[in-house]
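Protein chains: 2
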Amino acid sequence: MADFIEPLSKLAEQFGRLSGIGRKTAMRLAFSVLDMSNDEAADFAQAILDAKTKIHLCPVCQNLTDKDICDICTDNSRDRSIICVVEDAKAVLALENVREFNGLYHVLGGVISPMNGVTPEKLRIKELLARCEDSSVKEIIIATNPTVEGEATAMYLSRLLKPIGIIVTRLAYGIPVGGDLEYADAVTLYRALEGRRDV
Amino acid sequence: MADFIEPLSKLAEQFGRLSGIGRKTAMRLAFSVLDMSNDEAADFAQAILDAKTKIHLCPVCQNLTDKDICDICTDNSRDRSIICVVEDAKAVLALENVREFNGLYHVLGGVISPMNGVTPEKLRIKELLARCEDSSVKEIIIATNPTVEGEATAMYLSRLLKPIGIIVTRLAYGIPVGGDLEYADAVTLYRALEGRRDV
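These protein sequences, in sequence, are chains A and B. Residue numbering for the first sequence is 1 to 199, as defined by our numbering. Residue numbering for the second sequence is 1 to 199, as defined by our numbering.
Don't take every hint at face value.
[Said to hold, decoys possible] Stretch by stretch, here's where chain B covers chain A in the computed footprint (C-beta under 8 Å, at least three residues):
hint	segment
1	14-25
2	57-69
3	88-94
4	169-176
[To be verified] List time: in silico SDA-like cross-link candidates among lysine to any residue, alpha-carbon distance up to 20 Å:
hint	chain 1	residue 1	chain 2	residue 2
5	A	122	A	87
6	B	162	B	130
7	A	10	B	66
8	A	90	B	13
9	A	90	A	66
10	A	10	B	102
11	A	126	A	69
12	A	67	B	25
13	A	54	B	54
14	A	10	B	39
15	A	67	A	53
16	B	24	A	95
17	B	24	A	69
18	B	54	A	34
19	A	24	B	25
20	B	67	A	35
21	A	67	A	55
22	B	54	B	13
23	A	67	B	38
24	B	122	B	147
25	B	67	B	109
26	A	10	B	147
27	A	138	A	122
28	B	10	B	25
29	B	138	B	81
30	A	90	B	10
[Stated by the list, open to error] Beta-carbon label-pair distances, calculated as ranges:
hint	chain 1	residue 1	chain 2	residue 2	range
31	A	181	B	155	50 to 60 Å
32	B	39	A	187	38 to 48 Å
33	A	116	B	39	46 to 56 Å
It is worth saying that the hints were derived from the structure and are not from the lab. Each residue gets a CB set at the ideal place from its N, CA and C atoms; glycine is no exception.
Whenever a hint applies, use it, and build me the whole structure from the sequences.
Below, the structure written as structure tokens:
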């Protein structure tokens with residue numbers, strides 16, 4: 001039946017293309033667009049177009065922005081001696097939500113993954129090295145995800161950066177706060193033991 | 001940080017208005033729009049506008065359609081003596097997926113719910129009665145949801161329709177296929193016992 005109402009099934013198909021949206025959820029979302037007023041639907045459509053046309057990469061940190069240079073890079077109150085290297089814009093969002101880190105970011109746009117055809121040249125590593133030429137940069141915090149590819153990328157970057165005389169650090173591994181030792185995997189527990197600190 | 005990239009947070013806000021989409025999922029969906037090509041995003045925006053402008057209610061059964069009269073109502077191979085009364089278009093979709101029912105539908109557009117200000121006059125009951133004046137209609141299957149309001153609506157409709165000499169039936173209650181007696185609630189079990197049938 002859904003196939004009969006073509007505009008509805010086409011809309012559901014569009015929702016189905018979004019990450020993590022299955023067939024049933026896509027149909028539910030399509031129905032919920034029908035429940036909107038015409039103005040609301042027009043606003044929604046416009047928001048999609050605006051997001052695509054207005055957002056581009058910041059030429060400095062490669063994060064997403066709708067300005068010439070992003071708000072973080074232009075913020076003079078931030079510590080320009082520390083750059084936190086992340087995989088994507090979502091990681092910047094997560095770190096900014098913590099409201100603790102006051103340095104700058106650099107978004108790689110992925111991790112090295114030869115299996116998926118992602119070589120170091122495809123990441124924004126040369127832009128990072130160019131930024132490190134500025135003598136004000138003292139420390140690079142590598143905050144790629146704790147996956148095999150994230151680790152390999154961290155290793156690759158540290159080998160490039162250390163010889164320039166920059167302090168290279170990595171986010172701490174350990175048991176997540178509020179977690180339970182019983183459910184922590186062996187590798188995490190091992191890293192937590194290894195990284196133990198004075199109380 | 002999300003607040004800094006205004007077009008992104010605006011898009012996430014729009015996704016957040018859809019049913020069942022929370023703040024985090026909305027942000028994930030907004031990011032996945034950014035991963036689309038410009039053409040894909042334009043198609044998505046157009047699909048939203050198309051769904052809103054092209055879809056309206058079928059004047060006969062009150063179901064959603066993009067035609068003058070919906071495909072089910074114009075399908076001559078369907079049995080015009082049975083009308084299945086449902087709450088909304090989603091229920092039509094669910095029943096059509098079964099591919100067993102070959103009659104027509106009537107979409108009420110809700111259920112009687114005085115608490116929410118939905119009186120019988122606000123539902124498309126008079127349209128249903130008008131259809132029943134056609135002597136070819138022999139049976140009305142009331143397929144409102146098995147909720148208090150759905151039950152009340154079924155009762156209300158049966159009182160209106162039976163005096164006209166139409167057979168009024170209700171979907172069977174019972175344990176869902178593949179379910180487990182252990183987890184069935186008492187009311188469902190009671191209804192399943194009450195509605196037991198010869199093997």
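Against the structure, the hints:
no., hint, result
1, 14-25, "holds (count 7)"
2, 57-69, "holds (count 3)"
3, 88-94, "holds (count 4)"
4, 169-176, "violated (count 0)"
5, A:122 <-> A:87, "holds (12 Å)"
6, B:162 <-> B:130, "holds (14 Å)"
7, A:10 <-> B:66, "holds (12 Å)"
8, A:90 <-> B:13, "holds (16 Å)"
9, A:90 <-> A:66, "holds (16 Å)"
10, A:10 <-> B:102, "violated (25 Å)"
11, A:126 <-> A:69, "holds (18 Å)"
12, A:67 <-> B:25, "violated (25 Å)"
13, A:54 <-> B:54, "violated (29 Å)"
14, A:10 <-> B:39, "holds (15 Å)"
15, A:67 <-> A:53, "holds (12 Å)"
16, B:24 <-> A:95, "holds (15 Å)"
17, B:24 <-> A:69, "violated (26 Å)"
18, B:54 <-> A:34, "holds (10 Å)"
19, A:24 <-> B:25, "holds (16 Å)"
20, B:67 <-> A:35, "holds (19 Å)"
21, A:67 <-> A:55, "holds (8 Å)"
22, B:54 <-> B:13, "violated (25 Å)"
23, A:67 <-> B:38, "holds (19 Å)"
24, B:122 <-> B:147, "holds (19 Å)"
25, B:67 <-> B:109, "holds (19 Å)"
26, A:10 <-> B:147, "violated (32 Å)"
27, A:138 <-> A:122, "violated (25 Å)"
28, B:10 <-> B:25, "holds (14 Å)"
29, B:138 <-> B:81, "holds (5 Å)"
30, A:90 <-> B:10, "holds (16 Å)"
31, A:181 <-> B:155: 50 to 60 Å, "holds (57 Å)"
32, B:39 <-> A:187: 38 to 48 Å, "holds (43 Å)"
33, A:116 <-> B:39: 46 to 56 Å, "violated (24 Å)"
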